[in-house]
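S.K.: Each chain, written out:
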Amino acid sequence: MLDLYWNAFATVLLPKNILAICLGGLWGLLAGALPGISTSMGVVLLLSFTYALSPITAFCMLCAAYCGGITGGSITSILFGIPGEPSAIPTTIEGHALAKQGRAAYALWLFIICSIGGGIFSVLIMMAATPVMANFALRFGPPEFFSLVVLGLSVVASLSGGSVMKGFLACFFGIFLATVGTDGITGGERFTFGTEILLGGINFVTAMVGLLAVSEILEEAEQPFQEYKSSVAYKGLRDELPKLSDYSKHWFLLLRSAVVGTVVGSLPGGGATIVSFLAYGDASRSTKHPEKIGHGSEEGLMAAETANNAGTGGSMTILLALGLPGGNATAMLIAAFMIHGMQPGPMLYASRPDIIYGIFVAMLMSNVFLLALTIMSIKLFLQLNRLPYTAFSAAIMILCVIGAFGLNNSMDDLYVMFAFGVIGYFMRKYKIPIAPAVLGLVLGDLAELSLRRSLLLSLGDPLILVTRPISLILLLTAAVSILWPLFKKPKLLEGSENA
Amino acid sequence: MRRAQVAVLGAVLFLIGCVLGISNGFAAAYPERAIEVIIPFGVGGGSDTAARAVGEGLKPLLKVPLVLTNMPGGGATKGMLYASQQPADGYIVLAITPSHMIDAVKPKTRAQVLRDFDPIIRLHVDTSSVTVAGDSKFKTLADLIAYGKKNPKMLKFAGTSPGGWSEIQTGAFFKRAGVEVTFVPFDSGAEIKAAILGGHIHGAVEELAETLPLIEAGKLRSLAVIMEKRHPALPNVPCTAELGINYTHGMMRAWGVKKGTPPDRIKYLHDTVKKSLDSAIYKKFVKDNHLDARPGYLGPEDARKSWDDEVKLYTEILKDLGYVK
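Here the protein sequences come in this chain order: A and B.
In terms of the working numbering, the first sequence is residues 102 to 600.
In terms of the working numbering, the second sequence is residues 54 to 378.
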């Protein structure tokens, strides 16, 4: 095995492969950072350039683009408050709050180091234990998945700010929204009112962008009529150079996040979506500053980013071991294998170990090079933050529109985005927290489908959720984390704003 | 005053429209601008890769650009609806799958494939197989059927589209085998395979190309291929016909245009697409996905007949499953 790694390193470190990693990584960063090009689209667009390359060079490029896309998405989330993918929601909430306090550079530092660290951690796990990991992931059936989603939803209690009641209200509103569209179990139409727009359900990304970003612009648009606030002092990357202790004091949280990210990220069908919520929830429970959650919490941002990028290694694990794509971007990588005449899965493991180990090393190197690439590229993005908010918000609105339209080239998505912008605006006005609604919308569908699948499997017996050990443990953890804050501060339920 | 202006403006626009219409309808030879293929599914799925494989071979043969547009949503109805609302001029082609045939059975449809579309070509027919886990207690199809008959509804099979192709083929297969099965829908083929491998579900009736790598690795086991004869990729696995189960239907893929498109344009499209099926890229795609195991190509008239037959078959199956009365 060492022999294989030795050869793989020797191949990947060839100049042409390093160049492929750098180009792929830059393209990924750009694609991820631009709203309207998702990570998977970034990989697709790159695919046609890899036909003529040798397999290893092609995978160096594609793996770097995949990792870069996940990393790049967070830049947009932090600076502009536009989440590119559901998994970027925690980053958007905490990172953008920090950016609005003038600490964008600090937030970016936290995110870069944590996401690259998470990525490298997961690749190391993948190198050491791909088959073991894959077998563990397979033990998550629908009941386990449901419990996992419930645990993800349990972060609501800490996200609610002043009033837990309002938080749950918003969350249930989000879950309700998730039921709109074609029912995933019977295929029937729900709450579509006979229209075509709602037939495919409410698209997460457009609704998220509307609720989080558009509503913020609408609210800020009221500002010029009030007295002009002097903008917060700009700080560059150099001014905000973080100390090692910023990270090391949270080492245990970060380790947990990386492990959760790698394991849960490998679950096909939504694993990659939940990881950042799970880590975020963990951070919100363990932090010494719970009041900061939702208002620029470093721990929340760091945990979510670590887990999110650790998910890339997890997804690759299940792809290489069994040929199962965990999400859209890895599904595109299957196409890359096919182009080069290979079929990922257990057979490839035996027949082409050079490719498998090459990919391991390419993933590792991608993360290493991305560290440098990201730091260089965000300097440019940071300059945008110097613009006065009036100009900046117009730019953000344009990005939102491009992003929502670019998803499916459909005007319907734009209507949905603006409708949710208005809904979000009123939620802000009436102090109903938005984050729980977004959480409900994103996780509601996964929760409903996995619950109904579980009940189909058990022929209607709900005990299936508690008789399976993994599921039981997850549900108990969720129950504790929902109830604990209420016991600790019973006043939260009454909704006093200073709680 | 205002009204007059509007009237004049309207008249001018109308005239421009007429001129454009004339030049469009009579003057130019078809095709004179880009042809767009609407793929009613997302990027990366089976229908998408198939359409793109055909497209790659077709591009060099066309004088005009070829644009492939993904329009996912609502099963496959969103893309079909869009295509049905465009002019019948042969510039919008719809990639058609059994989803559209199944949709045609349901009483409430916004666009109906038999009524609103004319076939250009049937491209190929895929083959499915009855797949269980490699370590499953069901060694043969007889084991599976015996268990299913003894324990009605206890046999749980996964699929992707509720009320769609996946449930139809699962339901039809087990109905003809005399077994009552519980169908559990998942969102993607990857989830189904993970659920089978993890032992959460008994198996699935899935397209062979999707499962073959795991079957060859011994992680999954194919109990039967749904075909008239044995499949060349799995010569040791029996086919449904030899096991005495009267179900051999496979998933077809076709291209169509809006009804009323001039016959010469349909002929042009058919001839060019047919020629493109000989391209190296498409042939490799067919070989990789074992789409050559059974004859697939049909011309416009035969494709029309096959569509009628499919809708009839699906009506029967959907009645059995209780989706339509």
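These aren't lab readings, by the way, just hints derived from the structure by calculation.
Be careful, since some hints might not be right.
Chain A side only, calculated, beta carbon under 7 Å to chain B, not exhaustive [unchecked claim]:
#	residue
1	137
2	240
3	242
4	339
5	370
6	425
7	577
8	579
9	580
DEER-style ranges, computed between Cβ atoms [claimed, not checked]:
#	chain 1	residue 1	chain 2	residue 2	range
10	A	270	B	120	43 to 53 Å
11	B	348	A	240	49 to 59 Å
12	A	240	B	195	46 to 56 Å
13	A	270	B	117	46 to 56 Å
14	A	577	B	168	53 to 63 Å
15	B	328	A	570	54 to 64 Å
16	A	396	B	168	56 to 66 Å
17	B	207	A	280	48 to 58 Å
18	B	161	A	484	50 to 60 Å
19	B	252	A	580	21 to 31 Å
20	B	328	A	561	50 to 60 Å
21	A	527	B	313	28 to 38 Å
Covered stretches of chain B (chain A as the covering partner; in silico rule of three or more C-beta atoms under 8 Å from a C-beta of chain A) [as the list claims (entries may be wrong)]:
#	stretch
22	107-118
23	130-143
24	211-218
25	294-300
26	343-354
Ideal placement from N, C-alpha and C gives every residue a C-beta, glycine not left out.
S.K.: If I claimed the Cβ atoms of residue 348 of chain B and residue 240 of chain A lie 49 to 59 Å apart, would that claim hold in this structure?
M.R.: violated, 43 Å
S.K.: Would the hint on residue 425 of chain A stand, with a C-beta cut-off of 7 Å toward chain B?
M.R.: holds, 4 Å
S.K.: Given the range 28 to 38 Å, decide if the beta-carbon distance of residue 527 of chain A to residue 313 of chain B lies inside it.
M.R.: Cβ of residue 527 of chain A to Cβ of residue 313 of chain B: about 47 Å, so the range 28 to 38 Å is violated.
S.K.: Three residues or more, CB to CB closer than 8 Å: is that satisfied between the stretch 343-354 of chain B and chain A?
M.R.: violated (count 0)
S.K.: Just tell me: holds or violated, for the beta carbon distance of residue 270 of chain A and residue 120 of chain B against 43 to 53 Å?
M.R.: holds, 46 Å
S.K.: Holds or violated: is the Cβ of residue 137 of chain A closer than 7 Å to a Cβ in chain B?
M.R.: With a closest approach of 14 Å, the residue 137 of chain A hint is violated.
S.K.: Take the C-beta atom of residue 161 of chain B and the C-beta atom of residue 484 of chain A, compute their distance, and say whether it sits inside 50 to 60 Å.
M.R.: Given about 54 Å between the Cβ atoms, the range holds.
S.K.: Looking only at beta-carbon atoms, does the pair residue 577 of chain A, residue 168 of chain B fall within the given range of 53 to 63 Å?
M.R.: holds, 55 Å
S.K.: Mind checking the CB of residue 370 of chain A against every CB in chain B and telling me if the closest is under 7 Å?
M.R.: holds, 4 Å
S.K.: Against chain B, is residue 577 of chain A within 7 Å by beta-carbon distance?
M.R.: Nearest chain B Cβ about 21 Å off; hint violated.
S.K.: How does the stretch 294-300 of chain B fare against chain A when you require at least three residues with a CB closer than 8 Å, holds or violated?
M.R.: Violated: only 0 residues of the stretch 294-300 of chain B have a Cβ under 8 Å from chain A.
S.K.: Hint validation: residue 242 of chain A versus chain B, beta carbon distance must be below 7 Å. Holds or violated?
M.R.: holds, 3 Å
Hint check: violations occur at hints 1, 4, 7, 8, 9, 11, 12, 17, 21, 22, 25, 26; the rest are consistent with the structure.
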